[in-house]
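*Asks:* For reference, the chains in residue letters:
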Amino acid sequence: MYCLAELAEKLDLEFSGDGNCPVTGVASLVSAGPADLSFISDKKFTAQLVDTGAAVVILSPELVQQCPVACLISQTPYLSYARASGLFAKEPGDIQGIHASAVVSPGADIHPTAAIGPNAVIEAGAVIGADVVVAAGVFIGHGSRVGAGTRIYPNAVIYHDVHLGEHCVVHSQTVLGADGFGFAPGPEGWVKIYQLGGVRIGDRVEIGASTTVDRGTLDHTVIEDGAIIDNLVQIAHNCRIGKNTAIAGCAGLAGSTIIGDNCTLSGGVGVVGHLEICDNVHITGMSMVTKSINKPGSYSSGTPLSATRDWKRNAVRFSQLESIQKRLAGLEKKRGS
Amino acid sequence: MYCLAELAEKLDLEFSGDGNCPVTGVASLVSAGPADLSFISDKKFTAQLVDTGAAVVILSPELVQQCPVACLISQTPYLSYARASGLFAKEPGDIQGIHASAVVSPGADIHPTAAIGPNAVIEAGAVIGADVVVAAGVFIGHGSRVGAGTRIYPNAVIYHDVHLGEHCVVHSQTVLGADGFGFAPGPEGWVKIYQLGGVRIGDRVEIGASTTVDRGTLDHTVIEDGAIIDNLVQIAHNCRIGKNTAIAGCAGLAGSTIIGDNCTLSGGVGVVGHLEICDNVHITGMSMVTKSINKPGSYSSGTPLSATRDWKRNAVRFSQLESIQKRLAGLEKKRGS
Amino acid sequence: MYCLAELAEKLDLEFSGDGNCPVTGVASLVSAGPADLSFISDKKFTAQLVDTGAAVVILSPELVQQCPVACLISQTPYLSYARASGLFAKEPGDIQGIHASAVVSPGADIHPTAAIGPNAVIEAGAVIGADVVVAAGVFIGHGSRVGAGTRIYPNAVIYHDVHLGEHCVVHSQTVLGADGFGFAPGPEGWVKIYQLGGVRIGDRVEIGASTTVDRGTLDHTVIEDGAIIDNLVQIAHNCRIGKNTAIAGCAGLAGSTIIGDNCTLSGGVGVVGHLEICDNVHITGMSMVTKSINKPGSYSSGTPLSATRDWKRNAVRFSQLESIQKRLAGLEKKRGS
Chain V
197 MYCLAELAEK
207 LDLEFSGDGN
217 CPVTGVASLV
227 SAGPADLSFI
237 SDKKFTAQLV
247 DTGAAVVILS
257 PELVQQCPVA
267 CLISQTPYLS
277 YARASGLFAK
287 EPGDIQGIHA
297 SAVVSPGADI
307 HPTAAIGPNA
317 VIEAGAVIGA
327 DVVVAAGVFI
337 GHGSRVGAGT
347 RIYPNAVIYH
357 DVHLGEHCVV
367 HSQTVLGADG
377 FGFAPGPEGW
387 VKIYQLGGVR
397 IGDRVEIGAS
407 TTVDRGTLDH
417 TVIEDGAIID
427 NLVQIAHNCR
437 IGKNTAIAGC
447 AGLAGSTIIG
457 DNCTLSGGVG
467 VVGHLEICDN
477 VHITGMSMVT
487 KSINKPGSYS
497 SGTPLSATRD
507 WKRNAVRFSQ
517 LESIQKRLAG
527 LEKKRGS
Chain H
197 MYCLAELAEK
207 LDLEFSGDGN
217 CPVTGVASLV
227 SAGPADLSFI
237 SDKKFTAQLV
247 DTGAAVVILS
257 PELVQQCPVA
267 CLISQTPYLS
277 YARASGLFAK
287 EPGDIQGIHA
297 SAVVSPGADI
307 HPTAAIGPNA
317 VIEAGAVIGA
327 DVVVAAGVFI
337 GHGSRVGAGT
347 RIYPNAVIYH
357 DVHLGEHCVV
367 HSQTVLGADG
377 FGFAPGPEGW
387 VKIYQLGGVR
397 IGDRVEIGAS
407 TTVDRGTLDH
417 TVIEDGAIID
427 NLVQIAHNCR
437 IGKNTAIAGC
447 AGLAGSTIIG
457 DNCTLSGGVG
467 VVGHLEICDN
477 VHITGMSMVT
487 KSINKPGSYS
497 SGTPLSATRD
507 WKRNAVRFSQ
517 LESIQKRLAG
527 LEKKRGS
Chain B
197 MYCLAELAEK
207 LDLEFSGDGN
217 CPVTGVASLV
227 SAGPADLSFI
237 SDKKFTAQLV
247 DTGAAVVILS
257 PELVQQCPVA
267 CLISQTPYLS
277 YARASGLFAK
287 EPGDIQGIHA
297 SAVVSPGADI
307 HPTAAIGPNA
317 VIEAGAVIGA
327 DVVVAAGVFI
337 GHGSRVGAGT
347 RIYPNAVIYH
357 DVHLGEHCVV
367 HSQTVLGADG
377 FGFAPGPEGW
387 VKIYQLGGVR
397 IGDRVEIGAS
407 TTVDRGTLDH
417 TVIEDGAIID
427 NLVQIAHNCR
437 IGKNTAIAGC
447 AGLAGSTIIG
457 DNCTLSGGVG
467 VVGHLEICDN
477 VHITGMSMVT
487 KSINKPGSYS
497 SGTPLSATRD
507 WKRNAVRFSQ
517 LESIQKRLAG
527 LEKKRGS
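Chains as they are written, first to last, in my numbering: chain V, 197 to 533; chain H, 197 to 533; chain B, 197 to 533.
Honestly, I wouldn't trust all of these hints.
Which copy is meant is left open, so a pair is good if it fits within one copy or across any two.
As the list claims (entries may be wrong) - Once the Cα atoms are required to be at most 30 Å apart in a straight line, the calculated DSSO-like pairs of lysine-lysine come out as:
(1) K240 - K206
(2) K286 - K206
(3) K487 - K508
(4) K206 - K388
(5) K439 - K206
(6) K522 - K508
(7) K439 - K491
(8) K239 - K508
(9) K239 - K388
(10) K487 - K522
(11) K240 - K487
(12) K239 - K206
(13) K491 - K240
(14) K487 - K239
Because the hints were derived from the structure by calculation, they are not lab data.
Please construct the entire structure, taking both the sequences and the accompanying hints into account.
*Replies:* Next comes the structure, spelled out in structure tokens:
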């Protein structure tokens, strides 16, 4: 619980209203109750602001007059709300120390302030930093390193020779460092190319649930500081993801592809291997990237949704586009002649 | 093992043949042996019916004459087969009681008839109902609830504040309640928006393997009664999935999208965030849904498969469609003038 | 560590240079140091060859003259490199015997040379062959079989009645044998069709991380010898994958689809159910396969990436293709008349 004045100080914002007003949680404008903090990030929700039951609302200066309750005044209300959300987050039941059921190698180096959950397994040579939380059932392989303040959720798997930076988050079932998909065709079938590289992940990287980041073939797979990656994303061997780049759910990157800084890949995007995408590129949902991109901007592929009956007719014509173009050119030629 | 007369009674069907005929399993018409139950759901398989080696076949009334063996007569043979399959299902090695290796908080409330498998971890405040099966290695977080008769398969992870209804199934590696992908852009990179909502799942919901259902940002993510969800599906924060809606493998829903009742999303479908899809909408495989849908029916997107050489030519023309349209309009204008 | 002459013998290659030259690792031409083996698989990298700091390079005969260091001469340098990579692979911390924390049923049959990691769970009737490695946290259900030399990585889940052949690899979080997505529509919602078949996987099959292979409905789901499957792939009930077929990340196969031998499905490919794809078919990335394919070759679908602004204009026209075709036909008719 905070009072309004405390919140203002913690968020470095001006406030209007009774500084002693207590705030115990965060809620949307519509569902907030008399001890909740809320926020408005777009004027189109002004009607909700006027009717809100919140105790306090984070808002931009021009909305102060329309706010029926106390407020925190921010030039960037959404960002201030994000910061406020951390004040009210409670990770219930935080574990402490090394649980008796964890299997920790005597050759692992566990910081005294780290917490290791039930049934976690940590192999020799692993280094676990200060204030790290390794939750129940997590596996951490030989020689892997987890930087200070990083949190790994239940049952995630970190293979050997994977380095995770500080203040990262790795959600459940995510796999860091499984073998890249490397095989050479031989006379009797595929011959495995052993994946001898590791994975190197920077600081403040957040990785969602059930995502896979493969280890490199010879060099490492790399994710740079501040990148954020959603659930069910595939990052193949030897990819490099730039700083603060965001990759949404179900996206997939083939091997050795390099993504620049501050890019966003929307859900379901696929990127072919061995490409380079420069900084500040944005790819819309489910697009297929088959060529390198060297110019910032927004890119797309795909076709629009329509009623299946209509779609079938149009889709047939897609396969005739080359002939449609030729027929059109033929008419133009006759016309011109 | 059942005899034919018992089966008829349990399935509430008429039968033809020797009521004492023993039945020990279920098989397709082609592979069924002399103690197997089989079924025919479409007349196009009549040739297989005539040659079947099954003991008993579930069929519609008009096929009785062509059945060489005993039969169970149903107006809905496929549905009757579904019900029969449950009679022959055996979940081998069902666990009982709380396994000695499970780590169950004294603050968890475990019904005496629930079974908790080896190395499962259950935190304080969790409530596990009657006849629930929590298999090996499953994690259940603080304050989460699992309703009576629900079964959770090995290594699935249920975070804190997730409520699962009665008679649900959750397959292995599925993650319920990981953080939604919420971040605000700040001057030095992404600022995490803590995900303070939970997940609420109704009764008789089945969720496949390696699927992710994220917790809500402020309110809950909701899946209503009777919904069925396949493997490797992503359901983002604050989505709401209606009753009896079916979502096939590899589909992905972005945040805050609402899907109505009795919808079907085929494999690989992607749905953009903040949309509403009304009841009784069907989306064909790999379609991309970028707008709300307020009319029941079948919808599609995508292009048809063709030989890569042909596809390349046509795909190039896709990027010229606007100019093709303009050229065509130009010709029409000249023609008309 | 090997000397050059040993490597030549093990790889069955001729060599040029000092046979006593020590080699301790593998690296790319660019990053290789003075005790590293490298390789060149394409003449376009000749400039890198000339400047390499490697100790030894695997190369084709025509590049021997341009190699500044010792070399191993191969008609298939990439394949020779793949074989060499296995010589330098070290799986650190290999486990031995049955870990004290593993929960192994007395009714399971574990070969004395098999290794069972911490917190692994093996149920009754399971058969674990010689030299198998079952890593930490893996679950193996009743009656499942793991052939000699197979390796299963941490936290993977193998349900009951799943047979894995010899010398297979299964990476972390992969699920073999969860229920297929089978339900019949009933008057009050979906009725589960119990999935009574198993999974049968041949020899030398490699399966990546977080992939799901569902059990069959009545018959088995089958993956034949030498198939390789990447991460986050969905293989539905009763699929059959042919020998040496390769399936890349994020691909999904709906139920009862049969893929022939020596096929390649690139990343994100989706295949509708109940299709047959013949041998030697190659599907490019993110393509949607909606019909059976009976002719070897390369197939594709999808549209090319472009700037979002351009894409929007062209995508609108996609939904008008049928009318564009009609307008064009109209002009042709007038022209012809």
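*Asks:* What hints, given by number in increasing order, does this structure fail?
*Replies:* none
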